[in-house]
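K.L.:
Letter by letter, the chains look like this.
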Amino acid sequence: MTNDFQDLYQDIVMDHNRRPRNYGELQDFTKSSEGFNPLCGDQLTLYVKLKNGILENISFTGVGCAISKSSASMMTEHIKGKSVAEAIVVFGAFRDMLTDNVRSDFPTDILEDLEIFSGVSQFPTRIKCATLCWHTLNSALSEQNIVITTDDNNR
Amino acid sequence: MLDIYKIRKDFPILSRMINEKPLIYLDNAATTHKPKQVIDALVDFYENHNSNVHRGVHTLSMEATDMYELAREKVSNFINSETTQSIIWTRNASESLNIVAYSWGQHNINNGDEILLSPMEHHSNLIPWQELARKKGATVRFIPMTDDGTLDICDLESLINKRTKLVSIVHVSNAIGTVNQVKIICDKAHSMGALFLLDGAQSVPHMPIDVRDLDCDFFVFSGHKMMGPTGIGVLYVKMDILNQMEPMLTGGEMVLEVTYEKATWADLPMRFEAGTPNIADAIGLGAAIDYLTNIGMENIHNYEKSIIEYGLDKFKELGNDVQLFGPKDPALRGAVFSFHSPDVHPHDMGTILDGMGIAVRTGHHCAMPLVRGLGVSATARASCYVYNTIDEIDSLIVGLKETVRYFKDGAKSDI
Numbered sequence: 002m003t004n005d006f007q008d009l010y011q012d013i014v015m016d017h018n019r020r021p022r023n024y025g026e027l028q029d030f031t032k033s034s035e036g037f038n039p040l041c042g043d044q045l046t047l048y049v050k051l052k053n054g055i056l057e058n059i060s061f062t063g064v065g066c067a068i069s070k071s072s073a074s075m076m077t078e079h080i081k082g083k084s085v086a087e088a089i090v091v092f093g094a095f096r097d098m099l100t101d102n103v104r105s106d107f108p109t110d111i112l113e114d115l116e117i118f119s120g121v122s123q124f125p126t127r128i129k130c131a132t133l134c135w136h137t138l139n140s141a142l143s144e145q146n147i148v149i150t151t152d153d154n155n156r
Numbered sequence: 217m218l219d220i221y222k223i224r225k226d227f228p229i230l231s232r233m234i235n236e237k238p239l240i241y242l243d244n245a246a247t248t249h250k251p252k253q254v255i256d257a258l259v260d261f262y263e264n265h266n267s268n269v270h271r272g273v274h275t276l277s278m279e280a281t282d283m284y285e286l287a288r289e290k291v292s293n294f295i296n297s298e299t300t301q302s303i304i305w306t307r308n309a310s311e312s313l314n315i316v317a318y319s320w321g322q323h324n325i326n327n328g329d330e331i332l333l334s335p336m337e338h339h340s341n342l343i344p345w346q347e348l349a350r351k352k353g354a355t356v357r358f359i360p361m362t363d364d365g366t367l368d369i370c371d372l373e374s375l376i377n378k379r380t381k382l383v384s385i386v387h388v389s390n391a392i393g394t395v396n397q398v399k400i401i402c403d404k405a406h407s408m409g410a411l412f413l414l415d416g417a418q419s420v421p422h423m424p425i426d427v428r429d430l431d432c433d434f435f436v437f438s439g440h441k442m443m444g445p446t447g448i449g450v451l452y453v454k455m456d457i458l459n460q461m462e463p464m465l466t467g468g469e470m471v472l473e474v475t476y477e478k479a480t481w482a483d484l485p486m487r488f489e490a491g492t493p494n495i496a497d498a499i500g501l502g503a504a505i506d507y508l509t510n511i512g513m514e515n516i517h518n519y520e521k522s523i524i525e526y527g528l529d530k531f532k533e534l535g536n537d538v539q540l541f542g543p544k545d546p547a548l549r550g551a552v553f554s555f556h557s558p559d560v561h562p563h564d565m566g567t568i569l570d571g572m573g574i575a576v577r578t579g580h581h582c583a584m585p586l587v588r589g590l591g592v593s594a595t596a597r598a599s600c601y602v603y604n605t606i607d608e609i610d611s612l613i614v615g616l617k618e619t620v621r622y623f624k625d626g627a628k629s630d631i
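Residue numbers (this note's numbering), protein chains in the order written: chain A, 2 to 156; chain B, 217 to 631.
So here's chain A without its partners, still in its complex pose (with noise of 0.2 Å):
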């Protein structure tokens, strides 16, 4: 496998595929969301406990490929705990990382492992595979009660 391969399906990613965390229904969640990859026939939905705006828990269900498996659980132990604008923060993050070309200074302070995913944006097929449980987080934290699907989400 080339560099560019074994950088996207880093051990961390596989072993979150094989072993996805904060996997099932949360039994208290207090918004749910619902996303799609009509392409590749991925879903995905994510329950989420808000109180006082802190994303007090976080859990998802769904099929899809290791990418968009291992993106989701990792994203549920990154922002459980964090405020909602935090976790805003971090969506807006990983979504350069992933879509914006020209910069290579990612803010790790903010990504933390999540950076293991940059070598998606090598993958451009790929990069909605990645980015579906942000979106699909977005939309669970905006007031709009809407189903995602990765056509009107390019990014």
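Among these hints, one or two may not hold up.
If you anchor each label on the Cβ, the simulated ranges turn out as follows [said to hold, decoys possible]:
1. Gln123/A / Gly589/B: 33 to 41 Å
2. Arg20/A / Lys617/B: 22 to 30 Å
3. Tyr526/B / Arg20/A: 33 to 41 Å
4. Lys617/B / Asp106/A: 34 to 42 Å
5. Ser143/A / Ser522/B: 51 to 59 Å
6. Ser407/B / Ser143/A: 55 to 63 Å
7. Gly328/B / Ser143/A: 44 to 52 Å
8. Gln123/A / Lys478/B: 57 to 65 Å
Derived from the structure by calculation, the hints contain no laboratory data. Every residue, glycine too, gets a C-beta built ideally from N, C-alpha and C.
Dock chain B against chain A, hints included.
P.N.:
Chain B only, in chain A's frame:
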């Protein structure tokens, strides 16, 4: 015996490297590559004969018209049509199907009528009929499918009845490779007064086709899946039916006489070809037909049979790691291997195989209800053509084994 390595030399793209590996192109059900002969025909047309057809009296226009109509004749002979008047140029098989739904369907499908399809139709042979049925108050019904992906025709008696006006079936499934036994379905349709449409997009490129022997009323296919250019397709309709059909598009090129009040239509097949047609690509498809005829469709069919048999055997080596869909009998399938691994999502499979230079298709293959019915969200599909080799099948199997191992064992293995 075909000299596959000699054939491969005609395809410039087959010498490309992908991710530092030689290209192994196994996405032929999506589109095929073009031999130098087809590419040269396109260049020759634009460099030496470019002009509009059926219009001018000047030399270039006459040359272009002759070349364009010669290509139509080649198509006509290739599928053994009785006359070139039955051959209508379209953009692709999808457009051909939409013309039938509009020009024939609008006038012949009524409230309470039934249209019978198979569950393995490409969306292009499903949605036009759903739309037509919705507008007309007709019903779309489906022939059931067995577990091995063949059509269950035991109950054909009740499926095709007095209300059935059209039976429209795919000849070879693009998603799982089934070769449908269409003769018996066609005969039954005709015995009940229904018409029979055959979608030949995946059959014409791979086997000899005789529309008169098949006795289909409509036959559709695309040029680009048979070594021709994109943007050119064919609709064949039996003359007595075509004579009754009204054109879908009107305008230039398709008229006999025009006044400010009304117009009369040109003769067949021009009546269905409004506007300047895709002249160059029609000529390119003619060159592709010459190329295929030169190899021999029977030879191509037999060679691909050997690929299918070999592939089916090799997939067995993967055991339970990979589930292969479609008929187990090589006689009932085309060179399409659609599969799913419980350990590797098809998109990861597709990306990793691409890293090995192997191009496969992943997804629902424009047959979403069918793939859902298989109990998976997507499959990976390797589809072959006459330029694919046994060695390439071996590389695919090795790639699959390595990918599955990597996803199962993670860090312990390397790919």
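K.L.:
Now, for every hint given, state plainly whether the structure supports it.
P.N.:
Each hint, compared with the structure:
With their beta carbons about 35 Å apart, Gln123/A and Gly589/B fall inside the hinted range of 33 to 41 Å. Roughly 23 Å separates the CB atoms of Arg20/A and Lys617/B, a value that falls within the hinted 22 to 30 Å. Between Tyr526/B and Arg20/A the CB atoms are about 38 Å apart, so this pair conforms to the stated range of 33 to 41 Å. The beta-carbon spacing between Lys617/B and Asp106/A, approximately 40 Å, falls within the hinted interval of 34 to 42 Å.
The hinted range of 51 to 59 Å is satisfied by Ser143/A and Ser522/B, whose Cβ atoms lie roughly 57 Å apart. Restraint check, Ser407/B to Ser143/A: a C-beta distance of roughly 60 Å satisfies the suggested window 55 to 63 Å. At roughly 48 Å, the beta carbons of Gly328/B and Ser143/A sit within the given window of 44 to 52 Å. Taking 57 to 65 Å as the suggested C-beta distance range, the pair Gln123/A and Lys478/B conforms, at roughly 60 Å.
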